[in-house]
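Q: Each chain is listed here by its residues.
Protein chains: 4
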Amino acid sequence: MIVAMKTDATIEEIERVMDRIAGYDLKALRLPGGERTAIGIASGIPSGLRETLTEVLASMKGVDHVTQVSRAYKLASREFHSTDSVVRIKGVALGGGEVVVAAGPCAIESRDQLFAAAEAVKAHGGKILRGGAFKPRTSPYAFQGLGIDGLKILKEAGDKFGLVTVTEVLDQHDLDVIMDHADILQIGARNMQNYPLLIAVGKTSHPVVIKRGPSATIDEWLLAAEYVLAGGNENVILCERGVHPLERGHTRYTLDLSAVPVAKSLSHLPVIVDPSHACGTWRFIASMSKAAIAAGADGLIMEIHPDPAGALCDGAQSLRLNAFGQLMNELGAVARAVGRTIA
Amino acid sequence: MIVAMKTDATIEEIERVMDRIAGYDLKALRLPGGERTAIGIASGIPSGLRETLTEVLASMKGVDHVTQVSRAYKLASREFHSTDSVVRIKGVALGGGEVVVAAGPCAIESRDQLFAAAEAVKAHGGKILRGGAFKPRTSPYAFQGLGIDGLKILKEAGDKFGLVTVTEVLDQHDLDVIMDHADILQIGARNMQNYPLLIAVGKTSHPVVIKRGPSATIDEWLLAAEYVLAGGNENVILCERGVHPLERGHTRYTLDLSAVPVAKSLSHLPVIVDPSHACGTWRFIASMSKAAIAAGADGLIMEIHPDPAGALCDGAQSLRLNAFGQLMNELGAVARAVGRTIA
Amino acid sequence: MIVAMKTDATIEEIERVMDRIAGYDLKALRLPGGERTAIGIASGIPSGLRETLTEVLASMKGVDHVTQVSRAYKLASREFHSTDSVVRIKGVALGGGEVVVAAGPCAIESRDQLFAAAEAVKAHGGKILRGGAFKPRTSPYAFQGLGIDGLKILKEAGDKFGLVTVTEVLDQHDLDVIMDHADILQIGARNMQNYPLLIAVGKTSHPVVIKRGPSATIDEWLLAAEYVLAGGNENVILCERGVHPLERGHTRYTLDLSAVPVAKSLSHLPVIVDPSHACGTWRFIASMSKAAIAAGADGLIMEIHPDPAGALCDGAQSLRLNAFGQLMNELGAVARAVGRTIA
Amino acid sequence: MIVAMKTDATIEEIERVMDRIAGYDLKALRLPGGERTAIGIASGIPSGLRETLTEVLASMKGVDHVTQVSRAYKLASREFHSTDSVVRIKGVALGGGEVVVAAGPCAIESRDQLFAAAEAVKAHGGKILRGGAFKPRTSPYAFQGLGIDGLKILKEAGDKFGLVTVTEVLDQHDLDVIMDHADILQIGARNMQNYPLLIAVGKTSHPVVIKRGPSATIDEWLLAAEYVLAGGNENVILCERGVHPLERGHTRYTLDLSAVPVAKSLSHLPVIVDPSHACGTWRFIASMSKAAIAAGADGLIMEIHPDPAGALCDGAQSLRLNAFGQLMNELGAVARAVGRTIA
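Protein sequence lines, in the order shown, are assigned to chains A, B, C and D.
If you count by the working numbering, then the first sequence holds residues 623 to 965, one letter each, in order.
If you count by the working numbering, then the second sequence holds residues 623 to 965, one letter each, in order.
If you count by the working numbering, then the third sequence holds residues 623 to 965, one letter each, in order.
If you count by the working numbering, then the fourth sequence holds residues 623 to 965, one letter each, in order.
Just so you know, these hints were derived from the structure itself, not from any lab.
Among the clues, some could well be false.
All copies of an identical chain are treated as equivalent in the list; a pair is satisfied when it fits inside any one copy or across any two copies.
As the list claims (entries may be wrong) - In the DSSO-like style, the derived pairs of lysine-lysine whose C-alpha atoms are separated by at most 27 Å in a straight line are:
| id | residue 1 | residue 2 |
| --- | --- | --- |
| 1 | 628 | 696 |
| 2 | 628 | 649 |
| 3 | 649 | 712 |
| 4 | 777 | 825 |
| 5 | 777 | 628 |
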């Protein structure tokens, strides 16, 4: 941590800051510059102290600003876990050499609908079936999901087609029933900083996909992962799904594909990409899926639907099943071009 | 709702869209233009149908894009409730002629700390005491609040100093205990789209402050309010607290004061402003508080602390108690300049 | 164009708007809805009238808002030019089946430096040599480029190695000398809305790369292209180079790769990608370059330098020459995977 | 400047960085931490070296990132010029105790139009007449301004009504003619990083308003001012006019009023606010103008028009003349509430 003093800070102010640091049993080093003095802390700072210390120093007289040198997350950091983590679920490995594709409808609407999607996922080499039972909807008047009935259909489809399943958890009090029915939990972008939910998921050992919030920095995203890891759950998968866009006219969000190599350089966790919510239209799914794999993503999660025009949720951004089949072929070629495989 | 066809849409595609609209018992009108045909829906669209219909039409062949003419929220809209709503709590009225100030520490740390703050709030004309018992912290290693012990202190302080109290609810399952101890619920910015929480709060009649999420549009914010209103709880207060900034170097967020007149033009709900979290430093609180009142805010919620440098949470953005006293005097002058009062 | 009236608009207000539209010899159609009336304009609107008409109607009594159905650009639009445009320069074709790579140093520093870079570009299959002579620098104290001396070196290097050359133009009054020395003009992101410069370039027939401004929407970017096209210069190449990021900690900008398929769906113009300025560090160039090609980019423009640590400009984001060579091999594989070639 | 090494940096890598710093005759200090070593530079760094040094160090092996302690601008900084600068033009003082209001039409359309506006400005206590002769328009098909004929009308109106005049300069080659006709130059938001223009204006002593670019950080804005100051022109006025918004539905841009106290704390230059372009509609001008003054702005620049519905440019965001008169009264009250005056 570096404390930059104001250019007109007095010697007394500088010494008071150094004394304060010393009061925490930390070593302070003076760095006189051309314009101002900075004070470096030349000791390790316990992680429980970091935030408080920053605020204490920032509010002292003569201090201009405080800069962090170290990162606030540890367990999520590649610096403390240098090799790639691989999350394994029923024989599917996320974060290894294979690019894993999850697909399915936004919302589970019926047994027929989900089974048709599951059959297509299986047929074309997808490994994971997605489907929402509890839907977070911006409008209270929109379809909110089938709830537990949806979970039952999901489990049945996963079992029948031999697919791993993933579904969103909105409320920590639904965790048990969701874990009984689905293999992977998803924490949605709007819940990325729902701390009670993160803490509850951290107490389980269920694999969990953490979607990046639309205005979350990468550090905030990794801190959300840190919440789950700090609880003891190591099966964390990061998912980029688009950040707040410059305009909402052509896409819903801006898919930040640089988040893939950035997150993978900072963290050992697998990183997957959801092109569907970012694009908001099926038209750009194929190109952005290819780009995600080329950028180094460990997997994709995308929306497909047997009848997009009749969908109760996010129909416009869902691929038809035959378009999904064709895309899977094309994705295989891109994966091979970057030294990976799909299915 | 307007459906803009592609410039090369065929007559059959146009007719198919018109038929589809007619299939929902809605009237479609053709609007031929210089370059493309648009199709307007010349009937009221039931709110439960709006989202589905948009997606159905957007995914049809020949359609370029679909544009909304009406807004997705109703109960929150001024168009359906033209006069200002006033939320009344124990004699304090939010949304009327008086500008109401809420102040207190970010986190309740001790009885002494909160009582010192409460005494200052009361002495200087504040009406509401704020204090966090359950704290949402970006880092899992930061102080997470005193929990129920904090709530008890809050209630005791409110009672002793005759102040209305407000505290954040993170988890709908804490609602009962929080409502037993605090007069106003706060839904934090990170939870603005935590729908189970919004729905749970909507089933109570407890007043609730809904903070705008850092990447939420004003329409999304009003839709969050709509969730609570749709449940039957009319005591909703909107709170602007800063949107995702261009940089985090000088302020934490960008306080969007235009959100005050915009929200008040679109909605009848009271709108307050939290300058503390947006600024992230006490240095800009005074000027932004004055600006908020000048912009038409119905109230302020700000952080004050008897000893900012020793605070366990957000010390750097807290005003000292005497600075708060001086600011309250200055705010009174600004309020009067725009035809309102404080205290 | 659709005019949405307020819900409480009077019949007189509605009629006044319809009369006003009729006054421009346009046909107005009434679209009564459940909550409000909308008025559609059922005729082609001359492009010179569009903006004025929007403002006139938006400021009329009883009007809530005005929505555009058509786009403001025409010559840049795929709707008016359905096949891909190919820009040809000395045997290099941008926008065809081949992915074209431009590379070179941020700033031309010396003959030795540029020639070393040019040799590497040529050796590894790049077709275009980039190099700045007039540098836009955020700080007035940073190196501003060699000016005309730099241009001479660029021309010499292009001639010697048989490479097409590209360099940035900051000032329309430098156009002649730059066109004498370089094959392609580049309009930088900071100048995307420098209209005198766009107009001046539009009067030439020199190929021009228009970089997207960091806060420009895709429509604003296409309108910048429209300025050049409207002047008669058809040789326009679009370049995505990153938009304003959520944070500047890990990358300089957020590379918006969805802009590639979006721009190519809206426009017939070639679209290339600059991963260097967006990433701000060489570490992510390889993955983002591959992603750009997978997303459908027609080319790349990237920074390479014989000695990044000694560079006078943007050293940290430049690839070493041997890393560039290796990357070109890898890019070839990705290009083939999406049915294209490099070199 | 602080160089944070990677956690696994070797002793050799650390020493190589320290040697490199020493090679520039700067003193390096090692700051060992719990996780990583940082290296502080404990000497003043010449401003011409800062950027290069940052890039050199950032690209060295073992380096994680480089952090700035000092700011890149000097002449614009309050640290080097602690008292407020006051820019004086023909008896009008910007940056002193008085809040100065500039008003006028977006574009000069005719003598009658500008004279009507000028008369209103004068009558209601405005000091500066604004009016565009060369208009930057997003669309090439929109009205581009009257050019020199507009300048002549502006000068005539300024002379007749005893008003200081301001107009935008788009091209440095128009500087002479504009300086002959107008008292203050305006550099528009889209040109904030048009360096040839900034340099040209820096060589004059004409007062200049620099609008903040819609995606410019405050530091970038101050660096734009530094360009002009570094040329010798001290008469620089900063103008906040809105940053890239979360959505463009309700306002054009997000007026960042916190930029006023932030810029005034970092810099000694006067700061004014343009509410018209940010809001994009006259409806929110009154509240945002009051808020700007309450936030500490030294002035306002706003659009007024005798006949907004007939305006050729930005009619929807222009106030009618009588609304302007009423607003001026209200602004006086707010100014007095914060210890300042208008007119």
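Q: Could you run down the list of hints and mark each one as holding or not?
A: Hint by hint, here is what the structure shows:
Proximity of residue 628 and residue 696 under a CA criterion of 27 Å is satisfied inter-copy only: 14 Å between copies versus 31 Å inside one chain copy. Proximity of residue 628 to residue 649 under the C-alpha cut-off of 27 Å is found in both arrangements, the shortest distances being 21 Å within a copy and 20 Å between copies. Taking the closest pair of Cα atoms, residue 649 and residue 712 never come within 27 Å of each other, the shortest separation being 50 Å inside a single copy and 52 Å across copies. For the identical chains of this complex, residue 777 and residue 825 are intra-copy neighbours only, at 23 Å inside a copy versus 32 Å across copies, given an alpha-carbon limit of 27 Å.
In this assembly of identical chains, residue 777 and residue 628 lie within 27 Å of each other by CA distance neither inside one copy nor across copies; the values are 61 Å within and 41 Å between.
When each numbered hint is compared with the structure, violations occur for hints 3 and 5.
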